[in-house]
Amino acid sequence: NAGVMQNPRHLVRRRGQEARLRCSPMKGHSHVYWYRQLPEEGLKFMVYLQKENIIDESGMPKERFSAEFPKEGPSILRIQQVVRGDSAAYFCASPPGLGYGNEQFFGPGTRLTVL
Amino acid sequence: GNSVTQMEGPVTLSEEAFLTINCTYTATGYPSLFWYVQYPGEGLQLLLKATKADDKGSNKGFEATYRKETTSFHLEKGSVQVSDSAVYFCALSAGANSKLTFGKGITLSVRP
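Each protein sequence line maps, in turn, to chains A and B.
Its first residue numbered 1, the first sequence is counted upward by one per residue in our numbering.
Its first residue numbered 116, the second sequence is counted upward by one per residue in our numbering.
Honestly, the hints are just simulated from the structure, not real lab data.
Worth double-checking, as some hints may not be accurate.
What the hints assert, rightly or not - Straight line, CA to CA, 20 angstroms or less: simulated EDC-like cross-link-like pairs of lysine to aspartate or glutamate:
1) A/LYS44 to B/GLU123
2) A/LYS51 to A/GLU68
3) A/LYS71 to A/GLU40
4) B/LYS219 to A/GLU40
5) B/LYS219 to A/GLU103
6) A/LYS44 to A/GLU103
7) A/LYS44 to B/GLU178
Remember, it's a predicted structure, so these values are computed and weren't measured experimentally.
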């Protein structure tokens with residue numbers, strides 16, 4: 001997975017709680033994409049961030065979801081007041097850098113289960 | 116908008132059989148095309164890619180050719196192994212932000 005780190009790997013929350021998912025791209029890289037994989041479906045783009053900036057959030061649900069990528073530390077995907085439909089695998093991805101084209105390398109994912 | 120359509124699954128094959136997984140796409144502009152593989156409980160790994168028409172991506176015995184005239188990027192392997200059992204996703208990237216658009220994925224199971 002080319003050094004993209006995510007934690008936790010598994011997260012269990014009860015309805016109404018908050019979920020925080022973390023992603024660290026490869027060292028020295030400042031671009032992060034978040035995707036969601038619902039059961040039996042492909043991945044759907046959620047948001048694209050560079051350090052301290054949201055570049056494209058066209059795939060983010062309008063309510064309860066937010067993302068940030070501060071100057072220091074990992075990118076955070078935050079889901080407030082979780083519902084059962086939020087149960088999914090959440091992946092972050094990072095481009096490998098100049099000269100590689102526009103593929104992305106993925107982290108291992110966070111599997112969120114909402115009880 | 117952009118979209119990727121994969122053939123319906125799952126697919127079950129015997130070891131050493133020939134594999135074809137169909138993928139077609141719709142995109143504005145000139146996309147790059149990818150195949151990703153996901154093993155159980157893991158993230159996605161890039162299997163191969165192609166960035167322009169008639170390019171052939173290849174890796175680990177898998178191949179796919181970028182066909183602009185048929186907007187397709189079918190994945191093939193001449194002789195599958197049990198270790199190839201996984202979920203395969205076709206994807207494209209187009210536009211300034213390079214976000215990926217995925218197909219629904221197809222589960223491949225290879226029997227010994």
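**Q.** A/LYS51 paired with A/GLU68 [C-alpha distance capped at 20 angstroms]
**A.** holds, 8 angstroms
Margin query: Against the 20 angstroms threshold, does the CA-CA distance of B/LYS219 and A/GLU40 hold or violate the hint?
Written below: Roughly 8 angstroms between the alpha carbons, so the hint for B/LYS219 and A/GLU40 holds.
Query raised in the report: Quick one, are A/LYS44 and A/GLU103 close enough, alpha carbons at most 20 angstroms?
Result: holds, 16 angstroms
Exercise. Holds or violated: A/LYS44 with B/GLU123, Cα cutoff 20 angstroms?
Worked result: holds, 18 angstroms
Can the restraint linking A/LYS71 and A/GLU40 be considered satisfied, given a maximum Cα separation of 20 angstroms?
It is violated: about 35 angstroms lies between the C-alpha atoms, which goes past 20 angstroms.
request  = Take the C-alpha atoms of A/LYS44 and B/GLU178, compute the straight-line distance between them, and say whether it is at most 20 angstroms.
outcome  = Judged against 20 angstroms, a Cα distance of about 25 angstroms means the pair is violated.
Quick one, are B/LYS219 and A/GLU103 close enough, alpha carbons at most 20 angstroms? The given pair, whose Cα atoms are some 18 angstroms apart, holds under the 20 angstroms limit.
In summary, the structure is inconsistent with hints 3, 7 from the numbered list given earlier, while agreeing with the others.
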